[in-house]
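Going down the list, the sequences are from chains A and B. Those letters in the first sequence? Residues 1 to 112, per the numbering used here, in order. Those letters in the second sequence? Residues 1 to 115, per the numbering used here, in order.
Among these hints, one or two may not hold up.
List of simulated lysine-lysine pairs, DSSO-like, C-alpha gap at most 30 Å [as the list claims (entries may be wrong)]:
(1) K62/B x K68/A
(2) K109/A x K11/B
(3) K78/B x K11/B
Derived CB-CB ranges, DEER-like [as the list claims (entries may be wrong)]:
(4) S53/B x P79/A: 42 to 50 Å
(5) D54/A x G72/B: 33 to 41 Å
(6) E14/B x G41/A: 19 to 27 Å
(7) T98/B x L56/A: 15 to 23 Å
(8) T97/A x S27/B: 22 to 30 Å
(9) P79/A x K15/B: 20 to 28 Å
(10) K61/A x P8/B: 39 to 47 Å
(11) K62/B x L56/A: 42 to 50 Å
(12) V54/B x S70/A: 35 to 43 Å
(13) S95/A x D63/B: 26 to 34 Å
(14) Q41/B x E15/A: 45 to 53 Å
(15) L39/B x R22/A: 19 to 27 Å
(16) W83/A x K15/B: 16 to 24 Å
(17) T113/B x T55/A: 28 to 36 Å
Calculated directly from the structure, the hints in this document are not laboratory data. Quick reminder that beta carbons are idealized off the backbone N, C-alpha and C, glycines included.
Below are the chains, spelled out letter by letter.
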Amino acid sequence: AQSVTQPDIHITVSEGASLELRCNYSYGATPYLFWYVQSPGQGLQLLLKYFSGDTLVQGIKGFEAEFKRSQSSFNLRKPSVHWSDAAEYFCAVDSGTYKYIFGTGTRLKVLA
Amino acid sequence: EAEVAQSPRYKITEKSQAVAFWCDPISGHATLYWYRQILGQGPELLVQFQDESVVDDSQLPKDRFSAERLKGVDSTLKIQPAELGDSAMYLCASSSRTEFGDTQYFGPGTRLTVL
Chain A
1 AQSVTQPDIH ITVSEGASLE LRCNYSYGAT PYLFWYVQSP GQGLQLLLKY FSGDTLVQGI
61 KGFEAEFKRS QSSFNLRKPS VHWSDAAEYF CAVDSGTYKY IFGTGTRLKV LA
Chain B
1 EAEVAQSPRY KITEKSQAVA FWCDPISGHA TLYWYRQILG QGPELLVQFQ DESVVDDSQL
61 PKDRFSAERL KGVDSTLKIQ PAELGDSAMY LCASSSRTEF GDTQYFGPGT RLTVL
């Protein structure tokens, strides 16, 4: 069965520090991959997506993600975190059936 | 920028009562999804529509939940009767399919509290 794993439930970083959120998926072929961000009490906002082509994907708010087929990973990165980045981040996979499977999320806390 | 609209944003009800949530997708999006998100977890699909037809409702508790999208535009999700375990965020998303895949855009959600 397809699955998405976000190993880190909580991450705390200082403002200005770099960030990497991990996402691993289990699927036979190359799926479509997404990162969403959710602020408390809000819906999910799309940060970036990977369908094919260049494995380094640029998104909104200065985020990027790299697809690594050999590691079945799609990790999200930001070189310098801002206090407004504090939120919950979800990785999602679409295996081509137009149905997403979401990870359990990583809650990011930013220290001033 | 077009957005998915949902109402109400918050709903408090007592168990055994009926509740209904409304969603208006982005104009032109043929596919509409309802998700349930329990606190601390990722969203889980309840039902998927393609135009007015249900494509997947395998995870919808059909004894108490119903969903409709009569004209293939807006949609309503109903729970009757509500149970304590239904307390969650209910998210609506819509998408349009392209040759590059399917990208879902989410509404702000309805936070349901069942007392």
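Evaluation of the provided hints:
1. The hinted pair formed by K62/B and K68/A fails the criterion: a straight-line CA distance of about 40 Å is larger than 30 Å.
2. Taken as a hint, the K109/A and K11/B pair is honoured in the structure, with Cα atoms around 28 Å apart against an allowance of 30 Å.
3. The straight-line distance between the Cα atoms of K78/B and K11/B is roughly 12 Å, inside the 30 Å bound, and the hint therefore holds.
4. Take S53/B and P79/A: their Cβ atoms lie about 45 Å apart, and the range 42 to 50 Å holds.
5. Under the hint 33 to 41 Å, the C-beta atoms of D54/A and G72/B, about 36 Å apart, fit the expected range.
6. Taking the beta carbon of each, E14/B and G41/A are about 22 Å apart, inside 19 to 27 Å as hinted.
7. Distance hint check for T98/B and L56/A: the Cβ-Cβ separation is about 21 Å, which falls inside the suggested range of 15 to 23 Å.
8. Taken as a hint, the range 22 to 30 Å holds for the pair T97/A and S27/B, whose Cβ atoms sit roughly 25 Å apart.
9. P79/A and K15/B have their C-beta atoms about 49 Å apart, which leaves the hinted 20 to 28 Å range violated.
10. For K61/A and P8/B, the hinted distance range of 39 to 47 Å is not satisfied, since their beta carbons lie about 29 Å from each other.
11. Distance hint check: the CB atoms of K62/B and L56/A are about 44 Å apart, consistent with the given range 42 to 50 Å.
12. Checked against the given bound of 35 to 43 Å, the beta carbons of V54/B and S70/A, roughly 39 Å apart, stay inside it.
13. Hint check: S95/A to D63/B, Cβ distance near 29 Å, so the stated range 26 to 34 Å holds.
14. In this structure the supplied range 45 to 53 Å is violated for Q41/B paired with E15/A, their Cβ-Cβ distance being about 28 Å.
15. Between L39/B and R22/A the beta carbon distance is about 22 Å. The supplied range of 19 to 27 Å therefore holds.
16. Between W83/A and K15/B the beta carbons are some 40 Å apart, a value that contradicts the proposed interval 16 to 24 Å.
17. T113/B and T55/A have their C-beta atoms about 43 Å apart, which leaves the hinted 28 to 36 Å range violated.
When held up to the earlier numbered hints, the structure conflicts with 1, 9, 10, 14, 16 and 17 and fits the remainder.
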